[in-house]
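Chains G and P supply the protein sequences, listed in that same order.
Position one of the first sequence corresponds to residue 1 (the working numbering), numbered consecutively onward.
Position one of the second sequence corresponds to residue 1 (the working numbering), numbered consecutively onward.
Be aware that one or more of the hints could be misleading.
Under the rule of at most 27 Å between Cα atoms (straight-line distance), these lysine-lysine pairs were calculated in the DSSO-like manner [stated by the list, open to error]:
| # | chain 1 | residue 1 | chain 2 | residue 2 |
| --- | --- | --- | --- | --- |
| 1 | P | Lys57 | P | Lys9 |
| 2 | G | Lys68 | P | Lys70 |
| 3 | G | Lys42 | P | Lys71 |
| 4 | G | Lys49 | P | Lys57 |
| 5 | P | Lys9 | G | Lys42 |
| 6 | P | Lys14 | G | Lys42 |
If you are wondering where the hints come from, they were derived from the structure by calculation, not from laboratory data.
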Amino acid sequence: AQSVTQLDSHVSVSEGTPVLLRCNYSSSYSPSLFWYVQHPNKGLQLLLKYTSAATLVKGINGFEAEFKKSETSFHLTKPSAHMSDAAEYFCVVSDGGNTGKLIFGQGTTLQVKP
Amino acid sequence: NAGVTQTPKFRVLKTGQSMTLLCAQDMNHEYMYWYRQDPGMGLRLIHYSVGEGTTAKGEVPDGYNVSRLKKQNFLLGLESAAPSQTSVYFCASSQTPRVGRYEQYFGPGTRLTVT
Chain G
1 AQSVTQLDSH VSVSEGTPVL LRCNYSSSYS PSLFWYVQHP NKGLQLLLKY TSAATLVKGI
61 NGFEAEFKKS ETSFHLTKPS AHMSDAAEYF CVVSDGGNTG KLIFGQGTTL QVKP
Chain P
1 NAGVTQTPKF RVLKTGQSMT LLCAQDMNHE YMYWYRQDPG MGLRLIHYSV GEGTTAKGEV
61 PDGYNVSRLK KQNFLLGLES AAPSQTSVYF CASSQTPRVG RYEQYFGPGT RLTVT
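Excised from the complex, chain G in its bound form (with noise of 0.2 Å):
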């Protein structure tokens, strides 16, 4: 069975200094994977992706992340952090099958200090 785990719940930076938001996943596929952000009050939004091309991948606002089969991870990295960035993350795996169900992991609430 798929799963996920975010390994740290909480994670506080200060503005302007990097961002490493860690994931580990177990599949018996090769797994397609996301990042999801969720602002307070919000609904979630994809960060970015990975589908078996490119093992480094690309995000919107600055984020990217990169896929380790070896190490079974997908971290979330950002070179530098923005006030606007404070918000829930979730690492995510497809399930394989032909039913689209997503597996979460618990999140991780990221605090930008100014």
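Following the hints, complete the assembly by docking chain P onto the known chain G.
Structure of chain P alone, referenced to chain G:
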């Protein structure tokens, strides 16, 4: 192009009352999903639909029913609300899944409180 919309945005129910949440999408997507979001638990799938007239159970279906009479709409019903159903409910839709096309598009959510 509104994407995925949800009605209502907020609702307070008393235990035992019933209600229906409406999800609508204008992207001609085949697949639609209902999730609930609780603190520290991510999103959990309640029910989903792979096309008009079809529904299936997800991870946490108990206490909920759904219907997909029209392709663009997906209704979530609570027949007898319980305090454990206090949550934020999200609807999502996607194209027919195939390699590279699993991403789902989410509505803004409905915050439900059951007292």
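Hint by hint, work out which the structure violates, then give me just those numbers in ascending order. Of the numbered hints given earlier, the structure breaks just one, which is hint 2.
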